[in-house]
Structures are given as structure tokens and as C-alpha cells.
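S.K.: The residues making up each chain are set out below.
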Amino acid sequence: MFKIKPWLSITLLVAALFQINAHAQSPRLDVELTLTDLNVQPYHRPYVAVWLETPERKHVTTLALWVQKAEWFKDLRQWWRKAGKSNAQFDGVSSATKRAGTYTISWDGKDLNGNPVTPGKYLLNVEVVREEGGRDYSRIELDLTQSEKITIDGKNEFSTSFVTVSAR
Amino acid sequence: MNVNLLKTALIGALSLSALVSTTASAHGRWLLPSHTSLSGDKAHYVMIDASISNEIFAPDKAFSPSTKGAEYDDTLLMALAPNGEQVTDTIRAYYLKRKSSAAVKLQQQGTYHIAMTQKPMYMTFYKNAAGERSRVFAKKDDANLPKDASDITTIKTISTVDTFVSHNGTSKPALLGQGLELSGPTHPNDLFVGEQARFQLLSDGKPVGEGIEISILKGDTRYRNTRGEIKVTTDKDGFFTSTWQQPGLYLIETSQKVTVNEAGVDVGRYALFTTLEVAPE
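These protein sequence lines are chains A and B, in that order.
Residue 1 is where the first sequence starts when you use the working numbering, and the numbers rise one by one after that.
Residue 1 is where the second sequence starts when you use the working numbering, and the numbers rise one by one after that.
These are calculated hints, taken from the structure and not from any lab test.
Check each hint, because a few of them may be wrong.
Some but not every residue of chain A turned toward chain B, in silico, with C-beta under 8 Å [as the list claims (entries may be wrong)]:
hint	residue
1	K69
2	F73
3	W80
4	G84
5	K98
6	R99
7	G134
8	Y137
9	E141
10	K155
Dumping the calculated SDA-like pairs for lysine to any residue here, alpha-carbon to alpha-carbon at most 25 Å [stated by the list, open to error]:
hint	chain 1	residue 1	chain 2	residue 2
11	B	K105	A	K58
12	A	K58	B	L191
13	A	K58	B	G219
14	B	K172	A	E56
15	A	K74	B	K140
16	A	K74	B	G84
17	A	K58	B	G110
18	A	K69	B	G84
19	A	K74	B	K68
20	A	K74	B	T170
21	B	K42	A	A88
The beta-carbon is built from N, C-alpha and C at its ideal position, and this holds for glycine as well.
Take these sequences, add in the hints, and give me the full structure.
M.R.: The following block contains the structure:
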């Protein structure tokens with residue numbers, strides 16, 4: 001039977017690392033967000049914002065912004081204070097509100113200007129607010145250099161959701 | 001126990017404490033903004049209610065219009081726009097018995113500093129011939145005091161009654177430059193539960209010194225059995241901090257003795273009543 005000698009395995013590992021480095025790609029994030037199906041009257045579709053901040057809580061980029069009118073931005077209180085005050089253009093990540101269900105928000109590691117975000121530690125924020133309803137806000141630490149799957153639990157407006165970090 | 005004696009003692013204690021507390025802070029007064037943060041490019045209105053009331057943010061008495069019997073007052077409120085200039089549109093405050101109410105149009109983007117126009121208020125305290133304490137809202141020379149009045153003291157108070165509202169983003173709020181007011185580093189429209197805010201207390205635009213006590217009182221006192229205000233004290237540069245435990249509207253209250261060189265005035269005072277909104281995390 002053929003056995004890999006220790007020195008060979010190390011060489012292979014170094015080669016593999018080199019390979020990764022040579023083809024360095026932006027990390028990827030997939031946020032699988034479940035908007036809770038609420039049996040309430042009246043039901044308004046929630047406003048949703050998903051964004052990244054530095055560990056010092058400075059807005060880096062917004063991954064998703066589901067709200068039609070700028071007048072309603074202020075109700076996404078945390079997003080508005082961090083991102084709404086920047087001059088960034090959110091057209092690329094904006095959409096109309098969505099009905100209850102599970103949605104996957106994928107991020108290619110680039111900011112709103114298309115520049116890659118430096119791999120490292122960030123805060124991922126998820127805020128869901130419903131008119132005549134509740135508000136859920138969750139902020140988690142993640143490291144874009146470590147592949148992992150994180151579970152986030154909403155209280156009312158979103159249900160158990162998942163964040164998958166794919167470091168490359 | 002002698003009931004009459006107790007009664008006399010009680011009345012004496014009450015009237016004395018009434019004088020002391022009146023001297024210290026008079027009645028609560030405040031502005032209640034309908035919004036403190038608005039988004040979107042187009043101009044928005046914000047409603048400002050103003051009232052003299054010790055039940056915080058529940059109105060009690062409106063401010064009497066400067067023209068007696070008028071239904072409104074265009075000089076009660078003023079606003080400093082984000083560019084630092086005073087808003088020139090008329091801000092018409094309607095006299096609504098228990099509150100004065102005005103709509104303020106926010107055309108620029110950034111933070112508006114909205115305040116009651118700072119007018120001096122004079123109060124004269126005295127004892128009549130029977131030794132009873134009394135007070136009138138006038139300087140001693142204009143007060144028509146009884147001939148045998150004694151222990152006469154006139155206090156001049158200039159109050160800052162203000163709040164902040166941001167339209168489509170925040171900017172550094174313009175300073176009134178007169179009386180007491182709050183300044184950063186924390187922005188007054190960026191307050192969240194669990195976070196520490198740090199403010200500097202200014203007097204005539206300059207930092208106050210050490211040891212001025214500030215009361216931080218959450219609104220809706222009507223629905224609590226205790227007022228529960230938090231007392232903090234300024235450091236040597238006039239800074240103080242607050243970590244917000246609950247979301248809601250807060251009244252920040254303080255006062256300061258100031259030197260006054262004005263005929264007929266014995267004591268000068270600045271008072272501050274600033275309304276701030278704290279968001280849930």
C-alpha cells in the first residue's frame with residue numbers, strides 16, 4: 001500500500017495553499033433568511049436590511065435592502081443610522097418588500113462600488129421591521145477568512161435563519 | 001399627639017420646601033417632537049408641542065402668547081437649520097390651553113436644533129407683614145410688593161428648552177451660543193439602548209466646569225410610581241455620560257447660577273430642558 005510520507009504531505013499542503021493564494025477570490029456569504037409567516041390582521045410585508053459593519057460598527061456594505069420608499073428607511077433604525085447617512089447608492093441591493101418565506105441573499109465579497117472587501121472580522125446585521133408589527137434586530141460577529149455556518153434566531157419577525165461563510 | 005401642632009409644622013415644612021424647589025427649578029417645561037429622525041429627500045414637517053408640565057411629556061399648561069389673548073405666537077419657537085442659520089419661515093405656535101403646538105418645515109438635510117426663544121423670566125420672592133412667603137413674576141421694582149414686604153429676592157432665569165430633529169441624515173447641530181445647551185461628541189439623534197452617550201454641557205457656548213448636577217428623566221412619569229431620574233455630574237470639562245437602559249423620550253434637566261449685573265436682580269440662573277429620544281436596540 002502506498003503511504004504518503006510526512007514531508008510529501010506537507011509539500012502537498014503548501015502547494016494547495018499556494019494554489020488558493022494564486023487564485024485568491026473574494027469570500028462569499030449566503031444568508032438564508034426566513035421571514036416568519038404571521039397570522040395577523042392587518043399584515044404588512046416587513047422592511048428588511050442586511051448589512052456588514054466593521055468591528056467598530058462602521059458601515060461597510062449593504063447586502064440587501066427591501067423597502068420601497070426612502071421615507072420608510074428611518075424605520076430600519078439601526079441600518080439608517082449606520083448606512084442611511086452614508087452617500088452610498090443602494091440601487092444594486094434594493095428591492096420591494098417580500099412576503100413571508102425563505103430567501104437566500106448571496107454576497108460576492110464586494111462593496112457597493114464593486115471593490116473587494118478585505119477578508120477579516122466583520123459584524124453582520126439583520127434588521128426586519130413591519131409596519132403595525134414588530135421589529136427584530138440581530139448582530140453577529142463573523143470572520144470572512146473562516147468558512148462556517150452560523151445560526152441566527154429572530155424573535156418575532158424572522159425565524160431561525162442561517163449565515164454561511166465561504167472563505168476562499 | 002397634638003394635631004394642631006403637627007399641622008402647623010407640616011404647613012411650615014411644605015411652604016419652605018415649595019420655595020426651595022421653586023427657586024431650584026420652577027416648573028418643568030419641554031418640547032415634544034413628533035419625530036426626531038426622518039428619511040427621504042423631500043421636505044418634511046415635524047410637529048413640536050411645548051408645555052409647562054411636571055408630568056413629563058403629558059401637557060399641562062400652554063405658553064401664553066406674547067400678545068395677550070392671541071390664538072398663536074410666532075415668536076415662541078425658533079429653529080437653527082443644518083447650515084447653522086436660523087429658519088426664516090414663520091413657526092406659528094398655536095395656543096391650545098394645555099400646550100402650544102407648531103409645525104416646523106425641514107427643508108435642508110441634516111440636523112435641526114429647535115428651541116424656545118430664550119426670554120428672561122423674573123421672579124421675586126418676599127415675606128409679607130405676617131411672615132408668609134409669596135412670589136410674583138416680575139422684578140422687585142415692577143412687582144407692586146406690599147409696603148411691609150421683607151426678605152425680597154429677585155431671580156432672573158434664562159431657560160433653554162430645546163430638542164433636535166434630523167432630516168435624511170445627521171449633521172453637527174448648530175449651537176444657540178446663549179444659556180445652557182448640550183453638545184457632542186454623541187449625536188443627539190443617534191441614541192440607542194445599551195450604548196453610552198457622552199455630552200458636553202455648554203454655558204454661553206463654553207464648557208461648564210466640574211460638578212454641575214444633571215437630571216436624566218425618562219418621560220411617561222404619569223405611568224410610574226417613582227420618577228426614577230438618574231443624576232450625573234459634569235467633569236472638569238463639562239462632560240457627562242449616560243448609558244440608556246430603556247428606549248423612550250427623555251428630559252435632560254439642569255441649572256446653573258450665573259452672575260448678573262442688572263439693576264434689581266439679585267440672582268441669575270440658567271436652566272436647561274432638553275428632550276432626547278432613545279431607540280430600542
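S.K.: Confirm or reject each hint.
M.R.: How the hints compare with the structure:
Residue-level restraint check for A:K69 holds (minimum Cβ-Cβ distance to chain B is 7 Å; threshold 8 Å). With a cut of 8 Å, the hint placing A:F73 at the interface with chain B holds, because the nearest CB-to-CB distance is about 4 Å. Hint status for A:W80: holds, given a least beta-carbon distance of 6 Å to chain B, under 8 Å. A cut of 8 Å between beta carbons decides the hint on A:G84: the least distance to chain B is about 6 Å, and the hint holds.
For A:K98, the suggested interface contact is broken, since its CB lies about 20 Å from the closest CB of chain B, more than 8 Å. A hinted interface residue such as A:R99 counts as satisfied when its beta carbon comes closer than 8 Å to some beta carbon of chain B; here the least separation is about 24 Å, so the hint is violated. Hint status for A:G134: violated, given a least beta-carbon distance of 11 Å to chain B, over 8 Å. A distance limit of 8 Å between C-beta atoms decides the matter here; for A:Y137 the minimum to chain B is near 7 Å, and the interface restraint holds.
The beta carbon of A:E141 is not positioned within 8 Å of any beta carbon in chain B (closest approach about 16 Å), and the interface hint is therefore violated. For A:K155, the interface hint is violated, since its Cβ never comes within 8 Å of a Cβ in chain B; the closest pair sits about 12 Å apart. Between the alpha carbons of B:K105 and A:K58 the distance comes to roughly 31 Å, so the proposed pair goes past 25 Å and is violated. With a C-alpha separation of about 16 Å, the suggested pair A:K58 and B:L191 falls inside the 25 Å cut-off, and the hint holds.
Taking the CA atoms of A:K58 and B:G219, the gap is about 31 Å. The hint is violated against a cut of 25 Å. Between B:K172 and A:E56 the alpha-carbon distance is near 21 Å, which keeps this suggested pair within the 25 Å criterion. For the given pair, A:K74 sits about 51 Å from B:K140 by alpha-carbon distance, which is inconsistent with the 25 Å threshold. With a C-alpha separation of about 23 Å, the suggested pair A:K74 and B:G84 falls inside the 25 Å cut-off, and the hint holds.
A threshold of 25 Å between alpha carbons decides the hint, and for A:K58 with B:G110 the separation of about 19 Å falls inside it, so the pair holds. At most 25 Å may separate the alpha-carbon atoms for a hinted pair to count; A:K69 and B:G84 exceed this at roughly 29 Å. Distance hint between A:K74 and B:K68 is unfulfilled; the C-alpha atoms sit about 40 Å from each other, more than 25 Å. Straight-line distance between C-alpha atoms of A:K74 and B:T170 comes to about 12 Å, which keeps the hinted pair within the 25 Å bound.
With a C-alpha separation of about 18 Å, the suggested pairing of B:K42 with A:A88 holds against the 25 Å cut-off.
Going through the hint list in order, the structure does not satisfy hints 5, 6, 7, 9, 10, 11, 13, 15, 18 and 19.
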